[in-house]
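Participant: Read off the chains here:
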Amino acid sequence: MADAVSPAEPDVAERMAAEALIVDVDGFEGPLDLLLTLSRTQKVDLRQISVLALARQYLDFVDRAKVLRIELAADYLVMAAWLAFLKSRLLLPPDPEEDGPSGEEMAAHLAFQLERLEAMRNAAAQLMARDRKGRDFFARGLPEQVERRRRVRHTAGLMDLMQAYARIRTRDEFRPYAMDRDRVMTMEEALERMRELIGYAGSWTDLSTWMPDGWTGDPVLRRSATASHFAASLELVKAGWIEIRQGESFAPIEVRRRNG
Amino acid sequence: MADPLDRPLFDAPDPYQQERMVEAILFASAAPVTVADLQARMPHGCDAAEALDSLRRRYEGRGVRVVRVGDAWAIRTAADLGFLMSRETVETRKLSRAAIETLAIVAYHQPCTRAEIEEIRGVAVSRGTLDQLLELEWIRFGRRRETPGRPVTFVVTQEFLDHFGLENARDLPGLKDLRAAGLLENRPAPGREPEEAAAEDQGEMFEDEA
Amino acid sequence: MADPLDRPLFDAPDPYQQERMVEAILFASAAPVTVADLQARMPHGCDAAEALDSLRRRYEGRGVRVVRVGDAWAIRTAADLGFLMSRETVETRKLSRAAIETLAIVAYHQPCTRAEIEEIRGVAVSRGTLDQLLELEWIRFGRRRETPGRPVTFVVTQEFLDHFGLENARDLPGLKDLRAAGLLENRPAPGREPEEAAAEDQGEMFEDEA
Chain A
1 MADAVSPAEP
11 DVAERMAAEA
21 LIVDVDGFEG
31 PLDLLLTLSR
41 TQKVDLRQIS
51 VLALARQYLD
61 FVDRAKVLRI
71 ELAADYLVMA
81 AWLAFLKSRL
91 LLPPDPEEDG
101 PSGEEMAAHL
111 AFQLERLEAM
121 RNAAAQLMAR
131 DRKGRDFFAR
141 GLPEQVERRR
151 RVRHTAGLMD
161 LMQAYARIRT
171 RDEFRPYAMD
181 RDRVMTMEEA
191 LERMRELIGY
201 AGSWTDLSTW
211 MPDGWTGDPV
221 LRRSATASHF
231 AASLELVKAG
241 WIEIRQGESF
251 APIEVRRRNG
Chain B
1001 MADPLDRPLF
1011 DAPDPYQQER
1021 MVEAILFASA
1031 APVTVADLQA
1041 RMPHGCDAAE
1051 ALDSLRRRYE
1061 GRGVRVVRVG
1071 DAWAIRTAAD
1081 LGFLMSRETV
1091 ETRKLSRAAI
1101 ETLAIVAYHQ
1111 PCTRAEIEEI
1121 RGVAVSRGTL
1131 DQLLELEWIR
1141 FGRRRETPGR
1151 PVTFVVTQEF
1161 LDHFGLENAR
1171 DLPGLKDLRA
1181 AGLLENRPAP
1191 GREPEEAAAE
1201 DQGEMFEDEA
Chain C
2001 MADPLDRPLF
2011 DAPDPYQQER
2021 MVEAILFASA
2031 APVTVADLQA
2041 RMPHGCDAAE
2051 ALDSLRRRYE
2061 GRGVRVVRVG
2071 DAWAIRTAAD
2081 LGFLMSRETV
2091 ETRKLSRAAI
2101 ETLAIVAYHQ
2111 PCTRAEIEEI
2121 RGVAVSRGTL
2131 DQLLELEWIR
2141 FGRRRETPGR
2151 PVTFVVTQEF
2161 LDHFGLENAR
2171 DLPGLKDLRA
2181 AGLLENRPAP
2191 GREPEEAAAE
2201 DQGEMFEDEA
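Protein sequences, first through last, are from chains A, B and C. For the first sequence, our numbering gives the first residue as 1, with consecutive numbering after it. For the second sequence, our numbering gives the first residue as 1001, with consecutive numbering after it. For the third sequence, our numbering gives the first residue as 2001, with consecutive numbering after it.
Derived by calculation from the structure, the hints in this document are not laboratory data. A hint or two may mislead.
Stretch-level coverage of chain A by chain C, calculated; a stretch enters the list once three of its residues show a Cβ under 8 Å from a Cβ in chain C [what the hints assert, rightly or not]:
1) 29-42
2) 109-119
3) 126-132
Glycine included, every Cβ here is placed at the ideal spot set by N, Cα and C.
Generate the whole structure from the sequences, applying the supplied hints.
Facilitator: Right, here's the structure in full:
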């Protein structure tokens, strides 16, 4: 009975495969997958595959798809063009003028790619067929928690202690250098003031009369305010807003709005 | 010499295989398993109760045991090895600045009230800082001060002395020594002799303890 | 006769006790435990590797086994008893063919870039495929390749080894034959610049395991 059926089988399988190829383009994962499937119909070891025959098979497939008005994705068409090129390289005698890889090199690489893809498919199948955790063997169903306790140990040395004490007892002397901000007028503050006031300075005005109220009595405050206003004036001169002059050394410094 | 007609169609697995089955089921189950459940899961002809019993005996004295949980069974770590199930990590941390300063003040000025610590540090002492030092057993409560409100005082402990390698709190170097050792590089504030004042304070306070 | 001064202050637990400890720790954990971790959890003076070795031999042929997973060890039920455990099985989401092939490519070619996976499969790798494998914790990101663009690489994880019952990545079925056949090389297409020295990296990766 087996004898009776077997001769017919390959034909049927082949025809079904050929039909499947046409109908089920979407079933292939790209041109390389399709090429691998086509190459199996050659029924030889992938190492002995005829790339030329394979190229023909692929191009036939693409032609049939066109006849059947099956939309082929762009990468299938790119592969078809490349295989057509490969076919011509394999069939024509090598052109000494042309450089680049020979047809044989290109064919060998395609064969390598197909063999490698096939090898990975087999490896994947073998991997999935292994005894697997959760299916064939099992991990502990009732794991016990490992309790993590964190203990913090505080340390301090005698030096830390002594330095801390010294720091407290001599705090006033230890005072790090710092500007006393409340007794200083910054240039930014002066600049802001002057920008507002400059409109009124149509004629030469002594800069010392520009000092704000409350900054003229105390010498420390006056010094700071004078310095910042002078610096701010120079900035405004640079920006072209005002003019500045001084008659002689230590004479009053005068400013006025620049016209135009 | 059993009657051949009594024999089941398929032999039950041998006792060792049955024990293996119980072992695997108990190990992998997410909850304790009853004997009835074992029986239901094992092949026909097995005796779950007997297999369980021999498994239980096999694990006697080992790192894990077969224990009864209600009317079910489970594999559990032996009670004497529970210590392996916790991992302690010790983390060493520097004492905070507030804590070390407070500790220093107590050490140099003991017995010392909270108000005094605050006056010397110039900021309020948080409850947590004192708690931490008490917990470390570096300070303890001393006698109450016989002043209005009878405030509690703090003194340093033997544990403190051990930790800092001191025989006695009076061994703590004074400010003069600190300066000599280069720990204080600044000059004294004009019109004040801090080291003397401190030495005085210190002597006075330690008298109580003596 | 050992020099009495060489003896530690406290004797290490005897070998049987050490074996019990390893047994308890491995039983308690669902995830593999490294020898270093065992050693850290056992009392001072223990030899975790030796205790582990005798425990492993003791469980040979039993319902559960001591198995190696990368540089760690775990207890797993014997594979021949899987049929008893069907109730515990949580059916994992069916993996697509793309996912299975991608997994195999990462396993055999690791460390492996996305471009290499695409080169081998001849199609783009969809984001979801890698996501699924990452989510299963079967692959993870490896070091970046020191080539233009510094592409990320993928490698398989300990969970992968555990899931497929592999002691290490060198035990992948057929690995040796595939390498001998040159099928794990990253051969550039003729006329194209060799992109990167993937084969070199890989040698290094698998050697690491030794």
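Participant: Each hint: holds or not?
Facilitator: Structure-based check of all given hints:
no. : hint    : in the structure
1   : 29-42   : holds (count 5)
2   : 109-119 : holds (count 7)
3   : 126-132 : holds (count 6)
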